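K.L.:
First to last, the sequence lines map onto chains A and B. So the first sequence is numbered by numbering that gives the first Met the number 0: it starts at 0 and just counts up by one. So the second sequence is numbered by numbering that gives the first Met the number 0: it starts at 0 and just counts up by one.
No more than 30 angstroms apart at the CA atoms, straight line, and that leaves these computed lysine-lysine pairs for DSSO-like: (1) B/Lys-44 to A/Lys-36; (2) B/Lys-280 to B/Lys-145; (3) A/Lys-36 to B/Lys-434; (4) B/Lys-370 to B/Lys-434; (5) A/Lys-36 to B/Lys-243; (6) B/Lys-44 to B/Lys-434; (7) B/Lys-276 to B/Lys-294; (8) B/Lys-108 to A/Lys-60; (9) A/Lys-36 to B/Lys-37; (10) B/Lys-171 to B/Lys-194; (11) A/Lys-60 to A/Lys-132; (12) A/Lys-52 to B/Lys-105; (13) A/Lys-52 to B/Lys-108; (14) B/Lys-340 to B/Lys-243; (15) B/Lys-428 to A/Lys-36; (16) B/Lys-33 to A/Lys-132; (17) B/Lys-434 to B/Lys-243; (18) B/Lys-434 to A/Lys-132; (19) A/Lys-36 to B/Lys-414; (20) A/Lys-36 to B/Lys-108; (21) B/Lys-434 to B/Lys-42; (22) B/Lys-490 to B/Lys-194; (23) B/Lys-220 to B/Lys-490; (24) B/Lys-33 to A/Lys-36.
Since the hints were made in silico from the structure, they are not lab data. Values in this document were obtained by computation on a predicted structure and should not be read as measured data.
Residue-level listing of the chains:
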Amino acid sequence: MKIDLMKNDTYSESQLTGLVILRLLIGWHFLYEGISKIINPYWSSAAYLLDSKWILSSLAKTIVANSTILSFTDFINMWGLTLVGLSLLLGLFSRYGALVGMGFVLLYYLFAPPFIGLEYGRPGEGSYILVNKNLIEAFALYVLYLFPSSQYIGIDRLIHSSQSNSLGDK
Amino acid sequence: MSQKNKGSNADLLNRREVLKGLATVPVLGLFFIKLWQKLRLDKLKKSNLLQDLIAENKAPSIVKEIGNNDHLRVGVVGYGGRGGHLTRGLGFATPGWTSNASERAKNNKLDKAFETFMSQTDLNCSLVGVCDLFDVRAELGIEASKNEIRSGGKAKETAVRYKHYTDLVTSKDIDAVIIATPDHWHSRVAIAAAKAGKHVYCEKGLTRTFDETIELYDTVKETGITFQLGHQNRQVEAYEQAKKIINQGLLGPINLVQLTTNRNSPGGAWVWGIDPKGNSKTIDWETFQEPSPNKIPFGEEALRRFFRWRCWYDYGTGLSGDLFSHDFDQINQIMGLGIPKYASSSGGIYYYKDGRDVPDVWNATLEYPDKDLTVLYSATLSSLNSRGNRIMGHDATMQIGGESNSGALGGFIVKADPYSTRYKDRLEKGVINSKYPIYSYAPGSKQIDGITSATSQYFANKGLLYTYRDGKRVDSTHLHVKDWLDSIRSKTLPSCNIEEALHEGVTCHMATESYLQGRRIEWDPVNRTLV
Chain A
0 MKIDLMKNDT
10 YSESQLTGLV
20 ILRLLIGWHF
30 LYEGISKIIN
40 PYWSSAAYLL
50 DSKWILSSLA
60 KTIVANSTIL
70 SFTDFINMWG
80 LTLVGLSLLL
90 GLFSRYGALV
100 GMGFVLLYYL
110 FAPPFIGLEY
120 GRPGEGSYIL
130 VNKNLIEAFA
140 LYVLYLFPSS
150 QYIGIDRLIH
160 SSQSNSLGDK
Chain B
0 MSQKNKGSNA
10 DLLNRREVLK
20 GLATVPVLGL
30 FFIKLWQKLR
40 LDKLKKSNLL
50 QDLIAENKAP
60 SIVKEIGNND
70 HLRVGVVGYG
80 GRGGHLTRGL
90 GFATPGWTSN
100 ASERAKNNKL
110 DKAFETFMSQ
120 TDLNCSLVGV
130 CDLFDVRAEL
140 GIEASKNEIR
150 SGGKAKETAV
160 RYKHYTDLVT
170 SKDIDAVIIA
180 TPDHWHSRVA
190 IAAAKAGKHV
200 YCEKGLTRTF
210 DETIELYDTV
220 KETGITFQLG
230 HQNRQVEAYE
240 QAKKIINQGL
250 LGPINLVQLT
260 TNRNSPGGAW
270 VWGIDPKGNS
280 KTIDWETFQE
290 PSPNKIPFGE
300 EALRRFFRWR
310 CWYDYGTGLS
320 GDLFSHDFDQ
330 INQIMGLGIP
340 KYASSSGGIY
350 YYKDGRDVPD
360 VWNATLEYPD
370 KDLTVLYSAT
380 LSSLNSRGNR
390 IMGHDATMQI
400 GGESNSGALG
410 GFIVKADPYS
420 TRYKDRLEKG
430 VINSKYPIYS
440 YAPGSKQIDG
450 ITSATSQYFA
460 NKGLLYTYRD
470 GKRVDSTHLH
480 VKDWLDSIRS
490 KTLPSCNIEE
500 ALHEGVTCHM
510 ATESYLQGRR
520 IEWDPVNRTL
530 V
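Build the full structure now, drawing on both the sequences and the hints.
P.N.:
Okay, structure coming up:
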């Protein structure tokens, strides 16, 4: 069965609106997280990594101990967040953007999970037990991956449309 | 007709396609408008802070680079803990130290001591003489001179042992002498070395007594040798930045400076280990106690005194020469204060009732009437509530080290005073907030160190262990030794030269004498006496 991606017959109008707004909000957040790191010459993931607890803490220390790996990690974070943000905002390859973005925030969650008994040096901005905003954002991105919206609203629509036009010509 | 309709329907459809495809682009536009607004506001705020004051975003490069073509032969008198650190600064570590440090680095990836040592500049010198009254330590010094695990590899010459310091300082095979003995030996060794034409690097506190200070000062001036006092804080980049801010008057009139020491461990209180190999055969106790006023026979008490000498006035001046001297030199480096007119101090032995005669809680006040300034020093060896040092101006306060709102402070911060005259308009407009720093300096903010013991954490917070050059961690002791060797070769004055040393020596002795005599001490600069 062929799904006609050109027609908005999968979601109701309000469902689509909700999904696009969620995509834009998360995209906006990622884009600013990325750009604010790019423009700050002093930013480094080191402080966050050093405070890491649980299963990834030794990996975190390995990253921090080696300045080359640390610079690489910083680079991936700065540009990864920025590109995911652009992808979600513009609706360009948004399904992949959502998946990569989910990977990023899940990693942030796993490097510093709010488990009982784990104490962190930096003060938190909320109260969490097991679930924190990173985990919620990760699963919001999973929802965006399962319910894509960029083929209706977003540059992906133009890509699909030109692809199906060229299919139609044949 | 129908063709035409079909065409315009298709156009309409395409236009709708394009509109839906690009529907979110305006959101991106809005994002960049907001980003631009935010950046503009940040810039405006920054220009109202002191950020633009220090234009360079980069650290200065490794001190002055001068030709080090002349190979220098260095001797060390006193190869204890500090002597070992100083010779590592020269480029010579014992095999025990290098294997231990590389092992530590393997187990803890954040432990950078070995990497820092190996990436030190080769100073083109050899460690050629070692003199220590404890055989075990002397042998360690000789081993260090032979260790090829160093930048620059095998040294040109290796060390021989000198039984007595007079033989070392008069030897024709030695160009320069590092003195890292207990304080009661500093002036004797330094004066003998200077008279023999040897350049001197002397550990702090400069001397044990006031009279020794004046005698040493005069000898160095007469002989014209290159003298460096061991205050490696002189190499700390943060203090050079702090000096710029103070010199521009950005703190306003400064009437009070508060310096503090907080330690809370036996090691920090000089209860150091007694080497089991130390006995009457391996230690030359009689020579050790020769310059001290009170003599005791060799025995258990003598062993304690030999290894924990800082606890007795017979060999040093306790908190004054050990820690107050560092803080005084730091503030003298930043503010150029010189010797105060008056000093008074008080304190007592309140926690370490272990037979010592130097206080473990000690507070000193220095008065500078011509500068409208009081300097307060407060030390405890039984609380780690780190207070840091504060330079308190009418317009702003500079806090160096200690705890800030966001944790331990490695560098310094400047906060505007709520009642500042200078910043009044900007405080009222809200462009600066007295709760948040208007300038902050965090050395090597992208660098991570694994500092282990509480005492090394204390020194690291005061910038006495490491500083940063081009964002790279460097041992400040290495830089300070390098500064001395560079000055010998270029015949220039090192950063903590004999004039600075005189300030430190006289000031510390004024404060010490006040405690011992129970009265205020006055400095008479004309007759160079304490009144």
